[in-house]
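Next come the chains, spelled out residue by residue.
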Amino acid sequence: MPVKDIEEGDAIEPGPPVVVDRYTGGARINHWVTAICLILLALSGLALFHPWLFFLSGLFGGGQNTRAIHPWIGVVLFFSFAGLFIRFWRANLPAQVDKDWLTHADDLLAGREERMPEVGKYNAGQKAIFWSMATLIIVLIFSGFVIWDQYFADWTTIPQKRVAVLVHSLAAVVIICVWIIHVYAAIWVRGTIPAMTHGSVTGGWAWRHHRLWLKELAERHRFKKPEAPAE
Amino acid sequence: MEPSPHTAQSNPPVAATTSNLTEKDLIRRSASTVPPPARQLEPVAKLIDVSKCIGCKACQSACIEWNDTQPAIETNVGVYENPHDLTPEMFTLMRFNEWDNPQTGNLEWLIRKDGCMHCADPGCLKACPAPGAIVQYSNGIVDFVHENCIGCGYCIKGCPFNIPRISKVDHTAYKCTLCSDRVAVGQGPACAKACPTHSISFGTKEDMKALADSRIKDLKSRGYENAGLYDPPGVGGTHVMYVLHHNDQPEIYSGLPKNPRISPVVNAWKGMTKYLGFAAMGLAAAAGVLHSTLVGPNRVTREDEDEAEKLVKESV
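Protein chains in written order, with UniProt numbering: chain E, 1 to 231; chain R, 1 to 316.
It should be emphasised that the hints constitute simulated quantities derived from the structure, not laboratory data. Since we're looking at a predicted model, the values are computed, not measured. Please note that a few of the clues may not be correct.
Stated by the list, open to error - Label pairs and their in silico Cβ distance ranges:
#1 R:Leu294 - E:Met196: 55 to 61 Å
#2 R:Val169 - E:Phe142: 46 to 52 Å
#3 E:Leu93 - R:Gln70: 57 to 63 Å
#4 E:Trp131 - R:Glu303: 28 to 34 Å
Quick reminder that beta carbons are idealized off the backbone N, C-alpha and C, glycines included.
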């Protein structure tokens, strides 16, 4: 079994009840900084996307402030996501099981998870979210620089800026959709959110959704307290 | 009826005059809608007869004076353009080009007064995301309203003529207003008033077209067989028009576009993308709601917890 599926800090707290540490404090802070940036970017970006939503600029202190702050939040998000990328990319590399998992995706959505193949720390859906986010953030930061006229107006031509603003808005729509799926999945699969709030999930959650990961942790004796609890 | 300007040459009224251009005369307002105006103002136009221009830059001086702008003093780099380009402080610019006429072998010095064309279909207004930052009056004037401008630069991307400039001082966009504040009280634009050769005329669009016709006839009689009026239909016509002696090739006048129109990229961005975008985001959210109603939550069962405990017990 490849070790790439175990990330820093992943460990079983044997309990009972069994609790599995999934994200370190650093990873969680990193995640929430990114999340807050993404939400602020969506709100400020949507304010400029359509007149119906221009009122959202009020959240940032008016149109001028929205225009000025949006790109800077983007820069923070870029570096924050880069941190997540460094933490998570290895465990998100494609695996043999992903194909099988995807062909059974309809079973998952229909609530028949028992028919799904066992997966490691991330299933193919989560990997798709991860790589879409990574790709879209690259597209957004680069197209964003092209239309960041306050500092980079002279770097590109007007026709290039037109393409960039179109690409930026399309990529923004896609990343908001990806974000909706990400949030929905976290809510739908009950017990997921504590992974990012408290850093851990229940043993049953790990068994049900990421069995290979749990098995690997057990196999490699990644226990939080190496000495077994006294009987 | 309030004053309606027919010429820039006549002297202004001496008595105090109320503005003839009001909110009620708007036919378009960026990122918002306006009620159809009760009255239609006579469409106005500025006609720039390139063949009469001597490049004196009196129009630039008049523009600076009237609008009270302070263009930076620059360095002479060996060309006549001064400043080097349109800036937030310079709304109009004489552009000079030396053109070798292949037919006659003559070197022609082509001088074009560049500035906002006041398109009937303004790309800047279409692109603008800030409600009321760009407005269009029923007489054809397209104006920027600085207190509503957010300085995003979308107007620059929308404009087919590369006109708006963003100020680094107040972060709002600037361009020629067609002296809307003068036109509102029955006067013509400052540049037209100052032009010593009557190369710049101002009046109703109809009058200006008639004037252009007579000028084109004259130019044709003097051998400029391609003389014509530049009133590009791709942007619905403009309220600043040129008489060009070589109307078949406007590009030679320092890059005046041959068939300007709002870029299809801008149209896609401001049209399709918005509807597709809302549809996609709406569908994603609706799919979530629907799925959660139909399938219900995915919960961890007692058996799952037992299995996990068994596994851990075995390994420990």
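Now for the hints, and whether the structure bears them out:
1. The beta-carbon spacing between leucine 294 of chain R and methionine 196 of chain E, approximately 26 Å, falls outside the hinted interval of 55 to 61 Å.
2. For the pair valine 169 of chain R and phenylalanine 142 of chain E, the beta carbons lie near 29 Å from each other, so the given range of 46 to 52 Å is not met.
3. Hint check: leucine 93 of chain E to glutamine 70 of chain R, Cβ distance near 59 Å, so the stated range 57 to 63 Å holds.
4. A hinted range of 28 to 34 Å for the beta carbons of tryptophan 131 of chain E and glutamate 303 of chain R is consistent with their spacing of about 33 Å.
Checked against the numbered hints above, the structure violates hints 1 and 2; every other hint is satisfied.
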